[in-house]
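Visitor: Listed below are the residues making up each chain.
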Amino acid sequence: NAGVMQNPRHLVRRRGQEARLRCSPMKGHSHVYWYRQLPEEGLKFMVYLQKENIIDESGMPKERFSAEFPKEGPSILRIQQVVRGDSAAYFCASSPRAGAETQYFGPGTRLLVL
Amino acid sequence: AQSVTQPDIHITVSEGASLELRCNYSYGATPYLFWYVQSPGQGLQLLLKYFSGDTLVQGIKGFEAEFKRSQSSFNLRKPSVHWSDAAEYFCAYRPNTGNQFYFGTGTSLTVIP
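Chain order of the listed sequences is R and E. Every letter in the first sequence is one number past the one before it in my numbering, and letter 68, counting from 1, is 69. Every letter in the second sequence is one number past the one before it in my numbering, and letter 89, counting from 1, is 272.
Note that these hints are calculated values from the structure, not bench results. Since we're looking at a predicted model, the values are computed, not measured. Even for Gly, the Cβ is constructed at its ideal location relative to N, Cα and C. Heads up, a few of these hints could be off.
Straight-line alpha carbon distances no greater than 25 angstroms define the calculated SDA-like cross-link-like pairs of lysine to any residue that follow [what the hints assert, rightly or not]:
1. R:Lys52 to R:Gln81
2. R:Lys45 to E:Glu198
3. R:Lys45 to E:Gly199
In silico negatives: residues of chain R with every beta carbon more than 12 angstroms from chain E [to be verified]:
4. Val5
5. His32
6. Lys45
7. Pro71
8. Gln82
9. Arg85
10. Gly86
11. Gly100
12. Glu102
13. Phe106
14. Val114
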């Protein structure tokens with residue numbers, strides 16, 4: 002009974018490169034949430050997706066960041082032209098339905114921008 | 184504005200001593216409340232949650248938390264701390280409408296022998 006899977010666990014990019022972070026939700030879950038944890042801070046909501054739909058992207062930076070959750074395959078958080086300030090841990094969570102009380106978190110992807 | 188406050192950035196306790204980590208939230212109604220633990224380099228593990236009913240909730244690893252509506256608090260407690268409890272602890276809530284979680288900034292726990 003696998004939990005939420007994220008890969009890669011660690012990602013190093015140089016400034017200006019692209020970063021792609023993947024999240025496979027728990028089996029039976031069709032709702033995915035992305036959070037960012039900056040150093041010394043708590044997690045901050047970025048985006049909420051259902052299959053093929055972005056439901057709430059109120060926490061996403063307006064530029065360079067995008068997310069998708071296709072009909073088949075994992076959810077992808079994409080960061081274009083990364084900058085040093087993008088260095089953070091990015092966590093994905095999933096739930097079985099909208100409004101579910103609990104979200105289950107993956108192990109995170111630690112992004113380091115050189 | 185909705186927020187979660189964890190006033191203690193860092194706490195050090197001796198192994199075997201009792202522990203209380205504070206959490207206060209700011210929200211108009213009673214939200215869903217959670218405590219998560221994060222070990223270094225790891226993801227978040229759910230310790231316990233409160234939705235309604237009995238205000239004292241039991242979680243895993245011997246942790247418990249008490250919801251106090253009058254104080255807007257949801258403090259985490261453990262009667263006897265073990266060295267393996269050293270980690271970062273996050274309080275979070277989810278409003279009873281909406282989908283996102285709001286996290287506190289975390290409390291780092293050090294356990295000394």
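Visitor: Next, verify each hint and record whether it holds.
Guide: Here is how each hint holds up against the structure:
Restraint check for Lys52 of chain R and Gln81 of chain R: the C-alpha separation of about 22 angstroms stays at or below 25 angstroms, so the hint holds. Proposed proximity of Lys45 of chain R and Glu198 of chain E is contradicted: the alpha carbons are some 32 angstroms apart, above 25 angstroms. Of the pairs offered as hints, the one joining Lys45 of chain R and Gly199 of chain E is violated, with about 33 angstroms between alpha carbons and a cut-off of 25 angstroms exceeded. Listed as outside the interface, Val5 of chain R is inconsistent with that label: its C-beta sits roughly 8 angstroms from the nearest C-beta of chain E, within the 12 angstroms cut-off.
The non-interface label for His32 of chain R is inconsistent with chain E: the shortest C-beta to C-beta separation is roughly 8 angstroms, within 12 angstroms. At roughly 7 angstroms, the least C-beta separation between Lys45 of chain R and chain E is not larger than 12 angstroms, which violates its mark as non-interface. Separation of Pro71 of chain R from chain E is adequate, the least Cβ-Cβ distance of about 20 angstroms exceeding the 12 angstroms criterion. Every CB of chain E is more than 12 angstroms from the CB of Gln82 of chain R (nearest about 26 angstroms), matching its label as outside the interface.
With a least beta-carbon separation of about 20 angstroms from chain E, Arg85 of chain R lies farther than 12 angstroms from that chain, consistent with its non-interface assignment. Gly86 of chain R, annotated as away from the interface, keeps every beta carbon of chain E farther than 12 angstroms; the closest lies near 18 angstroms. At the 12 angstroms boundary, the C-beta of Gly100 of chain R falls inside the reach of chain E, the nearest C-beta of that chain being 7 angstroms off. Some Cβ of chain E comes within 12 angstroms of the Cβ of Glu102 of chain R; the nearest lies about 5 angstroms off, and the non-interface call is violated.
Here Phe106 of chain R does not stay apart from chain E, with its beta-carbon only about 4 angstroms from theirs, under the 12 angstroms limit. The beta carbon of Val114 of chain R is kept farther than 12 angstroms from every beta carbon of chain E, the shortest such distance being approximately 18 angstroms.
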